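Given these sequences and hints, build the entire structure.
The listed protein sequences correspond, in order, to chains L and D.
At position 12 of the first sequence the residue is numbered 11 (numbering that gives the first Met the number 0), and the sequence of numbers has no breaks.
At position 113 of the second sequence the residue is numbered 112 (numbering that gives the first Met the number 0), and the sequence of numbers has no breaks.
It should be emphasised that the hints constitute simulated quantities derived from the structure, not laboratory data.
Some hints could be false.
Claimed, not checked - Which residues of chain L face chain D? A few of them, derived with a C-beta cut under 7 Å, are:
| no. | residue |
| --- | --- |
| 1 | Thr79 |
| 2 | Met343 |
| 3 | Gly613 |
Claimed, not checked - Heads up, simulated SDA-like pairs for lysine to any residue below, C-alpha to C-alpha not over 20 Å straight-line:
| no. | chain 1 | residue 1 | chain 2 | residue 2 |
| --- | --- | --- | --- | --- |
| 4 | L | Lys272 | D | Ala10 |
| 5 | D | Lys66 | L | Arg526 |
| 6 | L | Lys378 | D | Thr28 |
| 7 | D | Lys26 | L | Leu373 |
| 8 | L | Lys208 | L | Arg117 |
| 9 | D | Lys26 | L | Arg117 |
To be verified - Now the in silico label distances, taken between C-beta atoms and shown as ranges:
| no. | chain 1 | residue 1 | chain 2 | residue 2 | range |
| --- | --- | --- | --- | --- | --- |
| 10 | D | Ser16 | L | Val377 | 19 to 29 Å |
| 11 | D | Ala69 | L | Leu149 | 43 to 53 Å |
| 12 | L | Lys272 | D | Gln109 | 29 to 39 Å |
| 13 | L | Ser530 | D | Arg110 | 36 to 46 Å |
| 14 | L | Ala328 | D | Ser16 | 25 to 35 Å |
| 15 | L | Thr380 | D | Ser99 | 25 to 35 Å |
| 16 | L | Arg557 | D | Gly80 | 34 to 44 Å |
| 17 | D | Gln40 | L | Val57 | 52 to 62 Å |
| 18 | D | Ser99 | L | Phe433 | 57 to 67 Å |
| 19 | L | Val49 | D | Ser16 | 17 to 27 Å |
Because the structure is a prediction, the values reported are computed rather than measured.
Backbone N, C-alpha and C fix where the C-beta goes; we use that ideal spot for every residue, glycine too.
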Amino acid sequence: MTLLGNLALWLAFLMGLWGAVTGFAGGLQGRTDLQRSARQAVFAMFAALVVAVICLEVAIFQHDFNVAYVAGRTSRNLPTFYLWSALYSGQEGSLLFWATVLSLFATLAQVLTSARHRAYLPFVAAVTCVVAAFFISVMLFAPANPFARLPYTPVDGAGMNPQLQNPGMVFHPPMLYLGYISITIPFAFAIAALMSKKLDVDWLVAIRKWTLLSWLFLSIGLLIGMWWAYVELGWGGYWAWDPVENVALLPWLTMTAFLHSVMIQEKRGMLKKWNLALILSSWLLSIFGTFITRSGVIASVHSFTQSNVGYFFLGFLLLAVPATFVLYAKRLPLLEAESTLESMVSREASFLFNNLLFLGIAFSVLWGTMFPILSEWVKGTKVTVGPPFFNQVNIPLGLALLALTGIGPLIAWRRASIPNLRRQFAVPATSGVFVLLILLVAGMRDFGALMAIALGGFVMGTVTQEFARGTSARHRQYGEPLALAALRLVGRNRRRYGGYIVHTGMVLLFVAFAGMAFKTETQATLRPGESVTLRSPYGHVYTFTHVSVSQYDALNRRVTAALVEVSRDGKHMGRLKTEKRQHVDALGRNTFEPSTEVGIRSGLREDLYVVLGGLVNGTEQAVYRFTINPLVWWVWAGGYVLVFGGLIVLWPGGGPPAVRRTQAGYAVKLEAK
Amino acid sequence: MNAGTKFAIGAVLIVGSVGYLMASGIKETGQYFLTPSELAQKVSADPSFYDLGMKVGARVVPGTVEKETATQTLRFHITDGTVSYPVVFRGLPPDTFTDSVEVVVEGRLQRDGVIHATDVLAKCGSRYEAVPKA
Numbered sequence: 000m001t002l003l004g005n006l007a008l009w010l011a012f013l014m015g016l017w018g019a020v021t022g023f024a025g026g027l028q029g030r031t032d033l034q035r036s037a038r039q040a041v042f043a044m045f046a047a048l049v050v051a052v053i054c055l056e057v058a059i060f061q062h063d064f065n066v067a068y069v070a071g072r073t074s075r076n077l078p079t080f081y082l083w084s085a086l087y088s089g090q091e092g093s094l095l096f097w098a099t100v101l102s103l104f105a106t107l108a109q110v111l112t113s114a115r116h117r118a119y120l121p122f123v124a125a126v127t128c129v130v131a132a133f134f135i136s137v138m139l140f141a142p143a144n145p146f147a148r149l150p151y152t153p154v155d156g157a158g159m160n161p162q163l164q165n166p167g168m169v170f171h172p173p174m175l176y177l178g179y180i181s182i183t184i185p186f187a188f189a190i191a192a193l194m195s196k197k198l199d200v201d202w203l204v205a206i207r208k209w210t211l212l213s214w215l216f217l218s219i220g221l222l223i224g225m226w227w228a229y230v231e232l233g234w235g236g237y238w239a240w241d242p243v244e245n246v247a248l249l250p251w252l253t254m255t256a257f258l259h260s261v262m263i264q265e266k267r268g269m270l271k272k273w274n275l276a277l278i279l280s281s282w283l284l285s286i287f288g289t290f291i292t293r294s295g296v297i298a299s300v301h302s303f304t305q306s307n308v309g310y311f312f313l314g315f316l317l318l319a320v321p322a323t324f325v326l327y328a329k330r331l332p333l334l335e336a337e338s339t340l341e342s343m344v345s346r347e348a349s350f351l352f353n354n355l356l357f358l359g360i361a362f363s364v365l366w367g368t369m370f371p372i373l374s375e376w377v378k379g380t381k382v383t384v385g386p387p388f389f390n391q392v393n394i395p396l397g398l399a400l401l402a403l404t405g406i407g408p409l410i411a412w413r414r415a416s417i418p419n420l421r422r423q424f425a426v427p428a429t430s431g432v433f434v435l436l437i438l439l440v441a442g443m444r445d446f447g448a449l450m451a452i453a454l455g456g457f458v459m460g461t462v463t464q465e466f467a468r469g470t471s472a473r474h475r476q477y478g479e480p481l482a483l484a485a486l487r488l489v490g491r492n493r494r495r496y497g498g499y500i501v502h503t504g505m506v507l508l509f510v511a512f513a514g515m516a517f518k519t520e521t522q523a524t525l526r527p528g529e530s531v532t533l534r535s536p537y538g539h540v541y542t543f544t545h546v547s548v549s550q551y552d553a554l555n556r557r558v559t560a561a562l563v564e565v566s567r568d569g570k571h572m573g574r575l576k577t578e579k580r581q582h583v584d585a586l587g588r589n590t591f592e593p594s595t596e597v598g599i600r601s602g603l604r605e606d607l608y609v610v611l612g613g614l615v616n617g618t619e620q621a622v623y624r625f626t627i628n629p630l631v632w633w634v635w636a637g638g639y640v641l642v643f644g645g646l647i648v649l650w651p652g653g654g655p656p657a658v659r660r661t662q663a664g665y666a667v668k669l670e671a672k
Numbered sequence: 000m001n002a003g004t005k006f007a008i009g010a011v012l013i014v015g016s017v018g019y020l021m022a023s024g025i026k027e028t029g030q031y032f033l034t035p036s037e038l039a040q041k042v043s044a045d046p047s048f049y050d051l052g053m054k055v056g057a058r059v060v061p062g063t064v065e066k067e068t069a070t071q072t073l074r075f076h077i078t079d080g081t082v083s084y085p086v087v088f089r090g091l092p093p094d095t096f097t098d099s100v101e102v103v104v105e106g107r108l109q110r111d112g113v114i115h116a117t118d119v120l121a122k123c124g125s126r127y128e129a130v131p132k133a
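Have a look at this one:
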């Protein structure tokens, strides 16, 4: 199997090189035979990589522990579910997974792109082939070969890190990878447009959906990652501003900025240079993120083992950044704007400020993440910044962005008039002030949280007003019943109303973030029967009583489980279980350090979060940490809403072309140009 | 004043406040990240490094870990091979904390020569990847 796997890797590598050469040459010289060859190289590369993936999965499922990768990540007693995820749970396997998914996207780009954009395809094939070939070369030459064999055959494998044995961890990496990887496609289209000098509005249309797709994957990946950190790592939160989280957030920020500013280009022919730069840098940031994650240059809990894989990525970045920049700079004269900003009080201006804020956040996150390295270079001493820095900088910027989320849709394109503004802002502003007053009366005094929720009320006012006006207009015009009118409104204007649903998701997320300002926790060492109380931010008193400890063997672990009884204001609420797990191999030997299973009781208002710290000298006396996390549930709810809205925007179709042209306002201008 | 100029003023305001927020953020929350040797050097050159919040990255000295579960107190020594410091930490150590693991200790070095930690992060070199045993 490893022989076949190695052959497949080499074949894929050669196909990648061939596709790169023929794609660029065919595209530049206009030779259709070379273009066809590049296209077929993409397909062949994808096929070869699928064979390699199958080989690795077969080795994993056959427990072929002579293969170093299989021995290092799995064991005989690992549940089948996690045998699947073993494919990408280690460095080598995840490189293979990455290359394979990229070649899948490359194939889809070749097949699905409409005839109008055919001219870009040879270049797209070439760029995707270069990137895929690079990833394969890391496996072959770093070397990080998933098919490498050991000089001996261990009886059993080392097993998978218990923290990866969680359903969230089965889906989080692939989703995040899908987001990271799929950015390559819009990037490839951007490069294709630059090289072929076809920089009209067409390439934007080709790029926008791909960007939206990777934005959606990346959002899902980030959300599942937050969920995993929350339920599995046991420190009580879902976002720690860890370097690896930060670098995954960076391309998300630049892509979100792009998805907004692209509208200005479609509608007004402005910001061409800016949009192109956003797409190019999103991709460079995704490679940068991969470099940070895999090289271990910045200490992070997520780091892979340090290896020379990092140097490969650094080298690739050092080639890709100047190459991209030079190509971009050479084409700048072709990217002149077709119109100028007419008024500060216009949709365009609010989008521009929105973009600046996104970039400001991205820059500060990048700066804070790189600061230990930068300060060491400049001053010789490492200075680190942590969550306080990121919160201090990003809370004000995030709030300003939230305000713009409510303002943007209310302002007309080009130039808004005073009566128009009064008509538009009355309801949303009232709803924001109303929410603020309720919170003040309820006794909330945290400035950031007050602002976040009040601005949330303002944005919801905007969204509701937009939906209400659109629906009643249809109701009047076509005589449709209200529910049908609302559904058709969304269906016929997917981009606009899907976007508002995404905004709603963001509001829920902001409200949930605000809740974390009121997190309370306590630690206690309790004998059975003893209890501790904790006051929730809503004024309720929770009592946690230590009930008992039990120890037993499960599938691949020894479990120490502690039971806690919870009551609120003296009223019984149920029991929570929290565990310490010592994972063992098939011979009963300990593997890895013990891990914690958190006891969580999730509610609309707050989560109870109980962590077992350990037992005192093997007695039944237990050490606990009890945390009340307000509004965490709304993070996941907001996430679902956001993904749902994203899907609506992304969904293909949207009525016959005639309807689409009149309804989707942006398309009108597109066709007119 | 045309719209472009007005926008430029707005942009400068935003960029300026981002810059200001970042500079003040680093000034107020930045912490030195030192090895024990660097810390010893800094302290002997400038006593104001006592009782200053910082992070120290080092390795736990095997055999020095004392856990008092009842009071949730953890005592251990950290070293970078040349200089070593005793550390006291009250709270739950992370799952990955064991003898000889690499740690990042956040806290203050007191005049008694002990680092009073407010947080201990354990970094396991092979965090996601165990070494197969023969």
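Structure-based check of each hint:
Using the Cβ-Cβ criterion of 7 Å, the hint placing L:Thr79 at the interface with chain D is not satisfied: the shortest such distance is roughly 20 Å. Given the 7 Å rule on beta carbons, the hint for L:Met343 holds: about 5 Å separates it from the nearest Cβ of chain D. At about 6 Å, the closest approach between the beta carbon of L:Gly613 and any beta carbon in chain D falls short of 7 Å, and the interface hint on this residue holds. For the suggested pair L:Lys272 and D:Ala10, the alpha carbons sit about 17 Å apart, so the restraint of at most 20 Å is met.
Of the supplied pair hints, the one linking D:Lys66 and L:Arg526 holds, its CA atoms being roughly 18 Å apart against a limit of 20 Å. As the CA atoms of L:Lys378 and D:Thr28 are separated by approximately 17 Å, the hinted pair is consistent with the 20 Å bound. Between the alpha carbons of D:Lys26 and L:Leu373 the distance comes to roughly 15 Å, so the proposed pair stays at or under 20 Å and holds. Taking the CA atoms of L:Lys208 and L:Arg117, the gap is about 16 Å. The hint holds against a cut of 20 Å.
Between D:Lys26 and L:Arg117, the direct Cα distance comes to roughly 53 Å. Violation of the 20 Å bound is thereby established for this hinted pair. Here the CB-CB span from D:Ser16 to L:Val377 is close to 24 Å, well matched to the stated 19 to 29 Å. Our hint of 43 to 53 Å for D:Ala69 and L:Leu149 holds, since their Cβ atoms are close to 45 Å apart. Remark: the range hint 29 to 39 Å for L:Lys272 to D:Gln109 is contradicted by a beta-carbon distance near 55 Å.
In this structure the hint that L:Ser530 and D:Arg110 lie 36 to 46 Å apart at CB holds, the actual value being about 39 Å. With their beta carbons about 30 Å apart, L:Ala328 and D:Ser16 fall inside the hinted range of 25 to 35 Å. Against the hinted window of 25 to 35 Å, the Cβ-Cβ separation of L:Thr380 and D:Ser99 comes to about 26 Å, which satisfies the hint. In this structure the hint that L:Arg557 and D:Gly80 lie 34 to 44 Å apart at CB holds, the actual value being about 35 Å.
One distance hint, 52 to 62 Å for the beta-carbon pair D:Gln40 and L:Val57, holds here, with the actual separation near 55 Å. The hinted window of 57 to 67 Å between D:Ser99 and L:Phe433 holds, with their beta carbons roughly 59 Å apart. At about 50 Å, the beta-carbon gap between L:Val49 and D:Ser16 misses the expected band of 17 to 27 Å.
Comparing the model with each earlier hint shows violations of hints 1, 9, 12, 19; every other hint is respected.
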